[in-house]
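K.L.:
Each chain is listed here by its residues.
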Amino acid sequence: MHAVKQTMILGVTAVLMMLAASLCFGAGIPDKVSIGDIQKYYAPVDFNHAAHINSLKDCGLCHHHTTGAQVADPNCARCHKNSGAQPVVSCKGCHVAEPFTPEALKQQRDQHPPIYHRDKPGLKAAYHVSCLGCHQKMGGPTGCQDCHTRNDSGDALFKSGKYAPKAPAKPQAAHH
Amino acid sequence: MIERRDFLKGCLACGVTAATVSVAGGKAMAAGSFEGYPDAMGVLVDLTRCVGCRSCEAACNAEQKLPEPDLPFDDTSVFKDKRRTTEKAYTVVNEYKVADKETLYRKMQCNHCTEPACLSSCFVNAYTKTKEGAVIYNAKVCVGCRNCMIACPFNIPAYSYSSPLNPLVQKCIFCYDTRLKDGKPPACVDICPQQVMTFGRRADLIKLGHDRIQANPGKYVDKLYGEKAVGGTSWMYLSSVDFDKVGFDGHIQNEPIISNVKDFLGFVPMVLSIWPALFTGVHLLATKNKDGHHDHEEGDHQ
Amino acid sequence: MKLFLARNPNTQIIDSLRKDNDTGRPWTLMEKIFLGLTPKQYMAQAMSNPLNWVFAAILLVGIPFIIARFIFGLSWAVGDPYDNAWGLFLGFGLFGMVPLSSSGFQLGSAVEVFGRHDFEPIERLGILNGILGYFFAVIFLMCDLGQPWRLIYPMFVSWGPEAVLFLVAWHVATYLSVQAAETSTAFFEWMGWPAGRTFVKKMALGLAVAGIILSTLHQGALGALSTYAPGKIHPLWYSSSFQWLYFFVSSLPGGLCMVIVVSTIAVKTMDWRCDATFKNSLSKLQVSLAKGASMGLITYLVIRLIGVAHDNKWAYLTTGWGGWWLFEIGFGVILSLVLLTAGIRNNSVTLVRLGAWTTIIGVVLNRLNVYMITFNWQNGHVHIPPFREIMIVITVYSIYIMTYRAILYRWPILFKWKTRYSEYAVLEPKPAAVTAPEAAGSK
Numbered sequence: 000m001h002a003v004k005q006t007m008i009l010g011v012t013a014v015l016m017m018l019a020a021s022l023c024f025g026a027g028i029p030d031k032v033s034i035g036d037i038q039k040y041y042a043p044v045d046f047n048h049a050a051h052i053n054s055l056k057d058c059g060l061c062h063h064h065t066t067g068a069q070v071a072d073p074n075c076a077r078c079h080k081n082s083g084a085q086p087v088v089s090c091k092g093c094h095v096a097e098p099f100t101p102e103a104l105k106q107q108r109d110q111h112p113p114i115y116h117r118d119k120p121g122l123k124a125a126y127h128v129s130c131l132g133c134h135q136k137m138g139g140p141t142g143c144q145d146c147h148t149r150n151d152s153g154d155a156l157f158k159s160g161k162y163a164p165k166a167p168a169k170p171q172a173a174h175h
Numbered sequence: 000m001i002e003r004r005d006f007l008k009g010c011l012a013c014g015v016t017a018a019t020v021s022v023a024g025g026k027a028m029a030a031g032s033f034e035g036y037p038d039a040m041g042v043l044v045d046l047t048r049c050v051g052c053r054s055c056e057a058a059c060n061a062e063q064k065l066p067e068p069d070l071p072f073d074d075t076s077v078f079k080d081k082r083r084t085t086e087k088a089y090t091v092v093n094e095y096k097v098a099d100k101e102t103l104y105r106k107m108q109c110n111h112c113t114e115p116a117c118l119s120s121c122f123v124n125a126y127t128k129t130k131e132g133a134v135i136y137n138a139k140v141c142v143g144c145r146n147c148m149i150a151c152p153f154n155i156p157a158y159s160y161s162s163p164l165n166p167l168v169q170k171c172i173f174c175y176d177t178r179l180k181d182g183k184p185p186a187c188v189d190i191c192p193q194q195v196m197t198f199g200r201r202a203d204l205i206k207l208g209h210d211r212i213q214a215n216p217g218k219y220v221d222k223l224y225g226e227k228a229v230g231g232t233s234w235m236y237l238s239s240v241d242f243d244k245v246g247f248d249g250h251i252q253n254e255p256i257i258s259n260v261k262d263f264l265g266f267v268p269m270v271l272s273i274w275p276a277l278f279t280g281v282h283l284l285a286t287k288n289k290d291g292h293h294d295h296e297e298g299d300h301q
Numbered sequence: 000m001k002l003f004l005a006r007n008p009n010t011q012i013i014d015s016l017r018k019d020n021d022t023g024r025p026w027t028l029m030e031k032i033f034l035g036l037t038p039k040q041y042m043a044q045a046m047s048n049p050l051n052w053v054f055a056a057i058l059l060v061g062i063p064f065i066i067a068r069f070i071f072g073l074s075w076a077v078g079d080p081y082d083n084a085w086g087l088f089l090g091f092g093l094f095g096m097v098p099l100s101s102s103g104f105q106l107g108s109a110v111e112v113f114g115r116h117d118f119e120p121i122e123r124l125g126i127l128n129g130i131l132g133y134f135f136a137v138i139f140l141m142c143d144l145g146q147p148w149r150l151i152y153p154m155f156v157s158w159g160p161e162a163v164l165f166l167v168a169w170h171v172a173t174y175l176s177v178q179a180a181e182t183s184t185a186f187f188e189w190m191g192w193p194a195g196r197t198f199v200k201k202m203a204l205g206l207a208v209a210g211i212i213l214s215t216l217h218q219g220a221l222g223a224l225s226t227y228a229p230g231k232i233h234p235l236w237y238s239s240s241f242q243w244l245y246f247f248v249s250s251l252p253g254g255l256c257m258v259i260v261v262s263t264i265a266v267k268t269m270d271w272r273c274d275a276t277f278k279n280s281l282s283k284l285q286v287s288l289a290k291g292a293s294m295g296l297i298t299y300l301v302i303r304l305i306g307v308a309h310d311n312k313w314a315y316l317t318t319g320w321g322g323w324w325l326f327e328i329g330f331g332v333i334l335s336l337v338l339l340t341a342g343i344r345n346n347s348v349t350l351v352r353l354g355a356w357t358t359i360i361g362v363v364l365n366r367l368n369v370y371m372i373t374f375n376w377q378n379g380h381v382h383i384p385p386f387r388e389i390m391i392v393i394t395v396y397s398i399y400i401m402t403y404r405a406i407l408y409r410w411p412i413l414f415k416w417k418t419r420y421s422e423y424a425v426l427e428p429k430p431a432a433v434t435a436p437e438a439a440g441s442k
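Keeping their order, the protein sequence lines are chains A, Z and F.
When we follow numbering that gives the first Met the number 0, the leftmost residue of the first sequence carries the number 0, and every step to the right adds one.
When we follow numbering that gives the first Met the number 0, the leftmost residue of the second sequence carries the number 0, and every step to the right adds one.
When we follow numbering that gives the first Met the number 0, the leftmost residue of the third sequence carries the number 0, and every step to the right adds one.
No lab work stands behind these hints, which were simulated from the structure alone.
None of the values given here were measured: they were computed from a predicted structure.
Heads up, some of the hints might be wrong.
Which residues of chain F face chain Z? A few of them, derived with a C-beta cut under 7 Å, are [stated by the list, open to error]:
1) Asn48
2) Trp52
3) Phe71
4) Ala84
5) Arg149
6) Pro153
7) Ala194
8) Val208
9) Ile211
10) Asp274
11) Ala275
12) Met401
The beta-carbon is built from N, C-alpha and C at its ideal position, and this holds for glycine as well.
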């Protein structure tokens with residue numbers, strides 16, 4: 000009985016979502032997103048939002064419950080089963096760019112209720128864990144530079160490209 | 000012939016010697032169990048999130064101004080070998096094929112123990128556990144005995160053997176000088192795209208780690224490595240497979256390393272206080288009958 | 000030297016302060032250094048000794064190696080042993096030499112504390128063996144330390160009193176001075192400074208007791224150092240409760256057997272330097288030393304076994320490492336024990352000497368096993384020290400042997416200084432009447 004109900008809900012949700020998606024294409028949902036706020040060593044990512052929507056259909060896979068989609072994760076569902084759409088849906092709306100500043104740490108510690116959201120990743124990790132995790136599962140590109148090309152300061156950091164070590168690579172002295 | 004006066008002189012000489020060396024025994028015993036500084040920071044490392052991009056190695060190299068690596072940091076051929084930390088690399092990531100298709104990466108650096116073995120084995124007190132949680136090193140007093148490298152249960156400290164004039168022990172210092180002391184996370188944590196490492200108060204991270212295990216049933220082995228190992232470490236780990244399979248010593252003791260040495264250290268004051276009286280006494284007894292034969296063997300007084 | 004004396008039977012070898020059996024003019028320092036020979040004669044006899052050519056060859060290669068180690072850095076000699084930070088310099092030089100040098104405190108205390116004046120002919124050899132072993136252990140340490148010029152830091156610059164090594168540093172430094180004082184009596188006699196000799200003789204008991212304290216602690220401490228590495232040393236060689244006892248107890252037979260070995264070498268290769276008292280009492284003394292050593296060995300064997308039983312490590316005995324452990328115990332302890340006791344029972348000094356050799360090999364092997372061979376046993380490979388490291392060890396050890404020989408040639412260690420200083424009476428045993436009230440009083 001329970002399973003039937005769940006399937007029905009899921010089905011209805013899917014239909015509603017597709018409807019919503021097609022309805023909203025012209026109204027607020029971006030086709031392309033340039034992710035570049037926290038870029039330091041890489042060029043911004045030109046994220047094809049529309050293509051992802053088309054192939055995934057389920058906004059909740061990336062946006063949790065904030066788009067009003069039904070959440071599958073039982074931990075989230077405990078509170079957010081009927082939360083409905085939120086005013087803020089973009090990643091950077093909730094995930095902070097610098098999660099480990101003393102202020103951010105204090106905020107996480109003091110928040111109410113003091114569960115679940117405490118372990119909220121920072122913005123960079125929110126992107127990577129979400130994108131890369133899905134890409135690994137679904138066979139999407141997983142190399143760093145498949146999504147964003149490294150810029151000059153990135154090459155300098157990684158000692159790569161024109162900053163590559165000049166000396167011929169010798170075997171590592173360390174051994175186990 | 001030893002006169003009474005000389006005998007007393009002898010006792011005095013022993014006493015002075017004992018006093019000189021009793022500092023060693025006395026202070027050693029003061030090293031009791033230490034629960035750690037309440038606001039010490041730590042890092043929770045989730046092995047399941049690491050993708051082996053080596054950004055942390057690159058960031059560490061830049062932050063600590065380490066020498067140029069042999070290979071670029073985006074070269075994955077380094078995963079062929081199991082590397083360890085060296086004076087040129089305070090952190091390294093190793094690759095472990097744990098199942099048919101499953102690969103885990105493990106980042107290795109100083110774990111910043113609550114009761115560090117390097118610190119307790121150092122005879123010039125070159126190491127300090129700061130209240131922020133970092134184990135830092137004073138290069139100015141290091142003699143280069145490398146006892147810390149012997150003592151470290153994680154084989155972390157490296158030595159710049161190739162420097163003739165100023166060879167030093169080199170290891171991760173939690174970016175203490177440049178970041179941690181201002182409340183900022185270390186460079187490796189900052190750069191990690193996957194947030195493999197969560198920075199926070201050690202006490203909070205222990206809760207967080209257990210919450211994560213509980214919230215994701217079946218994902219992790221039910222152990223927070225470093226919560227208890229060798230008296231607790233500031234860096235702690237979550238893994239989806241047995242820690243033995245990803246380069247950890249899964250059977251590491253829970254007591255701090257110093258606890259192994261306490262048996263001996265406890266014996267020191269006893270020797271210092273009892274031996275002088277005991278052996279001068281023995282001397283008096285042994286020399287009482289000069290002409291008689293003594294059956295006991297010399298030298299064996301255990 | 001032997002050959003030279005055979006050819007020049009009338010040479011006066013210096014054994015007193017003055018020429019012509021202590022009746023002529025005093026010997027000059029130069030004469031003393033050349034043993035009473037002319038420099039030319041001395042060089043000639045040195046050149047005729049093939050051993051000196053071996054030493055010359057070793058030094059020719061080894062001294063530049065030692066210099067290069069300091070110019071090019073430690074890695075030039077030892078490589079980059081991150082996991083096996085302590086190699087041969089410490090494994091052999093410090094941990095191996097110090098137990099073999101425990102003879103100093105044992106003979107010192109046997110004579111001065113236990114009143115065994117029958118050991119007097121060999122006491123000085125025991126003490127010299129002690130100080131030289133410690134001194135060269137420090138030389139080895141200097142080769143190994145990254146910044147040897149900071150060796151005094153634990154004393155004067157920065158204290159780490161919680162560390163076992165701090166205790167070792169202080170004790171070895173203090174004990175070196177104690178031994179220097181004990182050895183100085185021979186030096187003062189040789190130099191002809193009776194006042195210094197008398198002064199030190201008065202402190203003899205204090206020095207001997209200080210020697211017992213310091214030796215008990217630092218011999219044990221050298222073992223306790225390995226308790227910092229519980230997971231790295233193979234369990235059969237590791238015991239947090241017994242480690243310091245293993246090291247301390249095995250150092251006792253180690254030191255005594257080293258004296259047996261050295262005195263045997265001395266009497267065989269420098270017969271001309273040993274006086275009649277030394278030669279005549281040697282066999283008896285060596286058997287007595289062997290008694291002490293066998294007592295130490297049996298105790299050592301028992302606690303090694305108790306150590307295995309205490310932590311229930313019997314299962315390891317069936318592994319490859321177990322075989323190696325059985326070899327160390329079988330060869331170094333049980334075989335030594337059999338040889339020594341058979342020697343004692345049959346009064347066979349040959350067996351005793353053989354047993355002394357196996358004992359010291361066993362003790363050194365144990366130290367190497369703890370700090371080098373079984374260290375990081377879980378890594379599955381044994382760290383082999385590079386050639387330059389081995390060569391430097393051979394060189395320093397050769398210098399040790401040469402120094403040892405040079406002192407035995409000159410100072411009154413194997414013979415009694417013929418010049419009697421009036422204070423010599425200090426050595427005589429005291430009458431019972433004087434000590435009885437003292438003994439009663441101290442209770």
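K.L.:
For this structure, which hints from the list above don't hold up?
P.N.:
1, 2, 7, 10, 11, 12
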